[in-house]
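Engineer: Given next are the chains, with one letter for each unit.
Number of protein chains: 2
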Amino acid sequence: MSIQTPYLLFLGDAPDPLAAKVAQGIRDWRPDFALGQLRLEGCRADLGLADMTLAEARAAGARTLVIGVANRGGVIGQSWKKVLVAALEEGFDLASGLHNLLRDEEDLAAVARATGRALHDVRVPSVKYPIANGVRRRGKRMLAVGTDCSVGKMYTALAMEKEMRARGMKASFRATGQTGILITGDGVPLDAVIADFMAGAIEWLTPDNDPDHWDLIEGQGSLFHLSYSGVTMALIHGGQPDALILSHEPTRRHLRGLPDHPVPSLEALRDLALPVARLANPACRVVGVAVNTHAMNAAAAEIYCAEVEAETGLPTVDPMRHGAGRLVDALAAV
Amino acid sequence: MSIQTPYLLFLGDAPDPLAAKVAQGIRDWRPDFALGQLRLEGCRADLGLADMTLAEARAAGARTLVIGVANRGGVIGQSWKKVLVAALEEGFDLASGLHNLLRDEEDLAAVARATGRALHDVRVPSVKYPIANGVRRRGKRMLAVGTDCSVGKMYTALAMEKEMRARGMKASFRATGQTGILITGDGVPLDAVIADFMAGAIEWLTPDNDPDHWDLIEGQGSLFHLSYSGVTMALIHGGQPDALILSHEPTRRHLRGLPDHPVPSLEALRDLALPVARLANPACRVVGVAVNTHAMNAAAAEIYCAEVEAETGLPTVDPMRHGAGRLVDALAAV
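If you're matching them up, the sequences are chains A and B in order.
Going by the working numbering, the residue at position 290 of the first sequence is 335; the numbering climbs one at a time, nothing skipped.
Going by the working numbering, the residue at position 273 of the second sequence is 318; the numbering climbs one at a time, nothing skipped.
These are computed hints drawn from the structure, not numbers from a lab.
Some hints could be false.
Chain copies aren't distinguished; within one or between two, either way the pair holds.
To be verified - Calculated cross-link-like contacts (lysine to any residue; reagent style SDA-like; alpha-carbon spacing at most 25 Å): (1) 66 with 207; (2) 66 with 377; (3) 173 with 302; (4) 173 with 146.
The model shown is predicted, which means the values in this text are computed figures rather than measured ones.
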């Protein structure tokens, strides 16, 4: 089921570095998986990895060509197709988080069948998940919950995993979205799961483990975001976290895509998320705050984090700016 | 998209009346749709409707043969198949809420194609729902939320619709589950919708309407039920109800299927559901309590409802035992 590693990262004809952010995420968080990059003419992204041909990457041990770039217009163009077909013929699997699925491209599907290679469309579940049973599992689990969507929950969990592994702690990032799945090679594309099986998919993703092992579950959506709150609810109840981290982006003026709905306060988030989480795990605690200060300057970021820390009494950091050390300290104290 | 009415109700070889409860629901709540019944040898259910052959029912105007019985073992047996094929050939559409889909039976699918008839598998969405946008809609909406699954939320909404129509009020039951969809001929099978589109499906189901029109939305699951809470959350946020009714079954010892999880109190339900609902509709109020006293005798039921009414200050009835009049009074006062 998992995507075979290491990867050759396909950047295609990315018009700018942002278009290659999936590839950048893999390079940042799983550098061991990022063997090299393959760029087409006109590509304006560069991960600083060795440029490799398909043959060079295979010789170096690459197993999967990952489409690490968002394409324009939602179609897989002919310039990509030639590379993708050649990759299958060279022995690569393909992995993609694009809306249009690899498996729906008849030529790719035919070559994959003929060569016995796998096409991983990570937007689509590949597992028949169970209905959640609510039974407590061994091991510990952390979940970042946000005042809104897209406030840095995934990066917080990845930064904590990196710090915990550096300290010799047992920790596993558990991906629940397409980018996270491509980064780690495995996970649950929760927003594409059938309603009845959402919580069960998260139980499946975070099974019994060592008592001192932490699953760092990738958050999704927000309990306050009317479009996706059900997904977040299922994530909390399926994940039965021992620790919550509150995630926030202070410059956001309204909930993403909902101009009439203000972003709630961190206190409001805590007061809704914690009782909900305690239905699944009465011992759950809020242990810290992760602020995405990307849109602030350094001085403003320091002042804001200090204010939140004083108000909430919780360690408050921007994991990208300050590292995740204090959040990990808080987890270690649970 | 809707199922054509009226119906001929297929009871098959139902081993007891309970096995025909879908047909019973149609007969109880949409008597105009229930033109007649078709029973096979050995059937032990009887709705008190005229027994009709396919030809008699067609002559009387029936448009759809509804499978109103739960089959044993999840397979559509040969004794059913003959009737279903003959029905298609006679000009009936077929409608079913069975787990095994009509469309997956090759012989039925072939006859349906050849005759141009529709196969309605109401467990499966037939619409590409939008992502919820959270925009307020005209008209009013009521949702019953439960301390647990299967506590009578659908029957409460149907009983209220019947009472409201009798009073000349504008009211529409909005089905969100397979039985409700078969009863009314339309709706959203919410538990089978893809996660990202749950709330949007409910917005689609309850669109702009007259200012004095009430959608009576069929509840699903419970915010407290770890397996299905995400579905309930999406229902609340997509439905943006003006009025909540709390539904409860007092003899339940634990949440359905979760032996380690006690049923919450009505107060706990109110204190979680109301703030969540107000995120979508700040004017939302809890207007009443619907108790399922099926497992209690009349005296115990009266005492229990009176106690709850004194504690909560809300009109408290068993709609099956006392009628839904007081709940409708409370809605009319909103």
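Engineer: Each hint needs a verdict: does it hold in this structure or not?
Structural biologist: Hint check:
1. Within a single copy, residue 66 and residue 207 get their C-alpha atoms as close as 19 Å, which meets the 25 Å cut-off; across copies the closest is 55 Å, which misses it.
2. When the C-alpha separation of residue 66 and residue 377 is checked against a cutoff of 25 Å, the pair qualifies neither within a copy, at 31 Å, nor between copies, at 54 Å.
3. In this assembly of identical chains, the alpha carbons of residue 173 and residue 302 lie at most 25 Å apart only when taken from different copies (20 Å versus 31 Å within one copy).
4. When the C-alpha separation of residue 173 and residue 146 is checked against a cutoff of 25 Å, the pair qualifies both within a copy, at 19 Å, and between copies, at 17 Å.
When the structure is compared with the earlier hints, a violation turns up for hint 2 alone.
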